[in-house]
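Chains as they are written, first to last, in my numbering: chain A, 654 to 822; chain B, 6 to 769.
Worth flagging that the hints you see were computed from the coordinates, not collected in a lab. Here the structure is a predicted model, which means the values were calculated and not measured. Heads up, the beta-carbon is just placed ideally off N, CA and C, and yes, glycines get one too. Be careful, since some hints might not be right.
What the hints assert, rightly or not - Coverage of chain B stretches by chain A, computed from C-beta distances (three or more under 8 Å per stretch; other residues unrestricted): (1) 12–24; (2) 29–43; (3) 672–682.
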Amino acid sequence: MTDVSGPERVRVPFTVNGRAVDVEIDTGDFLLDVLRERLGLTGTKRSCDTQVCGACTVLLDGQPVSSCTVLAWEARGRTVETIEGLARDGRLHPVQEAFLEASAFQCGYCTPGMIMTVKALLDEQADASTDTVRAWLRGNICRCTGYVSILAAVRSAQRRLREARATAP
Amino acid sequence: MTTDLREVGVSVVRKDGLAKVTGAAEYLDDLTIPNAAVAALVRSPYAHARIVRIDGTPAAATPGVLAVITTDDLGEIGARRFGSYTKDQPVLARGVVRFEGEPVAAVVATDARTARAAAALVDVEYDELACAVDVHAALATGAPLVHETAPPLGRQGRWPAVPGTNICARVVIEQGNVDAGLAEADVVIEQTYTFPRVFHYTLEPHGAVASVASDEVTVWTNTGHPYQLRQELADTFGISLNRIRVVVPYVGGSFGGKSFPKLEPLAAALSWKVGRPVKVLNGVEGSMRTNRRNGATCHVTLGLRRDGTLTAKRCRVLLDTGAYADSGPLVADKASVRMLGPYRVPHYHIDVQAVYTNTTPAGSYRSIGGPQTVWASESIMDEAADAIGMDAVELRLHNLVKRGEPVRPDLRPMDADLGDDLERLAKTMDLTEGGRKTTNPLGRGVGVAIANPAELPISTSIVRLHYDGSVTVLCSTVEVGQGLHTVLAQIAAEELGIDHSLVTVVSPDTRYGPYDWSTGASRGTAIVGSAVQRACRDIKDQLRALAAESAGVPVDGITIGDGSVHVGGRAVEYAQVIREWFGRPAGEVIGRGYVRNLGPSPAFWEIGMGGAEVEVDRETGEVRLRSYTALADVGRAINPQQCEAQDIGAVVMGLGHTLFEEMVYSESGSLLNATMLEYRVPVITDLPETMETVLIENADGTGPFGAKGMGEGGGIPVAPAVANAIARATGVRIRDLPLTPERVWRALRVAGRAAAPSRREASL
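Turn these sequences into a full structure, and let the hints guide you.
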């Protein structure tokens, strides 16, 4: 039998950007709404609401997901990373630095989701080929840049990460 | 080119960059407006219907609902119409709905979920009417009228609707005698080209939050036109301009789709009704029912001699402007000149009609009327070249107007070397693959566009020089992503002789910021930039006067250079001049810059040229772009990286309407692909294998340091360049967009049976 009862209130403990949170939500709440409206993390953007555009991309246990279509309770006990968690101690993440210097944004609305996808990719495949980069970013729409500067930023981020690894103690 | 510029011509890092890569940049939905209620809209399921009855009782009884509001609840505000060019749009539908998705009622609640759930309970009874879903239906004899009586002109209106028809606006430009010109031709080509209705898809949908208090209407919105909007709100509420406050945060893309009023009058009316701030926010489906680009049918007759000389051009352009005019009349006006193109044509008659249909209202979209008309005019140039057996580039070079030559008698003479530009483009295309000639010359095509942008060169700026030497630039151009905050900071820094890091440019707030006509029409750098430059010059004049007064010397001998005031051989920093004059570390110098015209219209010609190289898969009809080369003649690139970025972005956006995009309506006017699952825009895997941009800098623009505007031009020639390349590659000419695999495959199949270019010999 299908359960046709309305949403239930549940408590969902999870980790956001290294911080433990415990939020009371409706079972029907999407992760995007909980991040933006309950936790004040408005860097993650809403656009298509249909898991097409990638503007709402966050990392769930390191994997990029469209938070507009992920139920918040699916984050129970898991780790969520958003754009706000990337810079550490006032230092930008290498992907952010690369986007800034390559000017890989215009209006900036797709940028947080774009950066999170790139971060996830380079965490998994630091030396990803251009074809792999394109395949991963196919799910992130940018209407302004024409993507060329974004590809340049990814290449620059790869260089930065390689250099960081080479000089790491 | 002079090279003594230090801040201009440098690709400095964008001012908005840090905020945008960290997620700190605040867009409309990120703002916290205390006590704001949320509205959900009840939208019409019919394209054309009479509203018989609206029952909001069950919705109003839902806990958390503050009000269910229809036009009847809004008094005079409900009866008024807004529209900068034609006053035809009600805040909420009144008696009749004119397109599927038109807002009929609003449910205001304490939170979005409650509002949405309650909106589903609003019961509306309609009496469906016959509808006109495209221009042909709308112009047919006995067509249902979208507006039963012709709406009046708006404050900027110049082109009246034609009573008893669906013609929203009509613009005719002509010269000479077309029949005589065609009689002089050796070859006459007559063709029809169509351009689809397309959607901007700004990643950030439209929205507004309004707060109406007793003495002020405040609207936070993602508009591109804060001051046009201020006027419309003042008219809606019947109050003076100083009681309207429009605040614009960062905007997640506009491309013209957020020009002119959209949801703001409704948000303000709802706030006025419920007595607290109200937020109205579209999703994508709502934005697809808010604004789109005018679709177009362009019927073109072109006459030319065997030597390639054009003799006459006759065009009839029908723009599908949807249910409300928005900027449709202005689109028609611009389309007329853009249809004429950059060529010497002694005899022409161009008739452009913006036509009401029962579809989403259409307005401005990145070069209004440009891509639609240039699609036709640059396709037919290639057809003409084929007809006389001339190279397509040669034909264009033969007819391009030269620098200083009139395009039309009432417009600025051509201010660019179009022939040099086109030769440069052709040469660059030959070089795109590492210096080798391209391997598939049959698949190459070009498009050449000129546009008369910079709609109304009216801007003002206030520049504040603080007593520590830093600078705040106030202007009311919106940072929609075009990078204007960065470019204006560079212009101010160059003029004042300081480092751009000392300059901040703030976002519009009409309570404090100075007047600006609009954000759009490639006008920011040249026109707003000129206002900022003049304000900086005003500051320099004032600094000289202050330094003279402080030193007790005549102002004549005081000069300014290298960021200092020179008083009798002594270099005094700006900050010190201010502190000395005010007598302590306090005060500031306020510069004013006014721009009311920059000579003949347009303030500059925007030049956009493009060349495509394609491969066509004959089995599937798929078009693969091997390379695309774009050329923009920018006068002076204030920030070269941003200029190139604008051009590349415009090209890829142009690939959308060229290859994929089309809003599909059913016969009864339902939008059939109203989600991003079904509406296909370019993604990263759609890029051409190579892309190149060429910036031409002759410092010959009317803007600061010789700059012209840019940002729209790159998208205009994409479709004809690609279609011309397809024609070279396959021998098949396609005259309807988008060039989907199915359309290309069908065209190849038909052509496989018979090759029959539709033209008649004038001499026959």
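Structure-based check of all given hints:
Counting residues of the stretch 12–24 of chain B whose CB falls under 8 Å from any CB of chain A gives 7; the rule of at least 3 is met. Against chain A, the stretch 29–43 of chain B contributes 6 residues with a C-beta closer than 8 Å to a partner C-beta. That satisfies the three-residue criterion, and the hint holds. Restraint check on the stretch 672–682 of chain B versus chain A: 3 residues with Cβ-Cβ distances below 8 Å, three needed, restraint holds.
Checked against the numbered hints given earlier, this structure breaks none of them.
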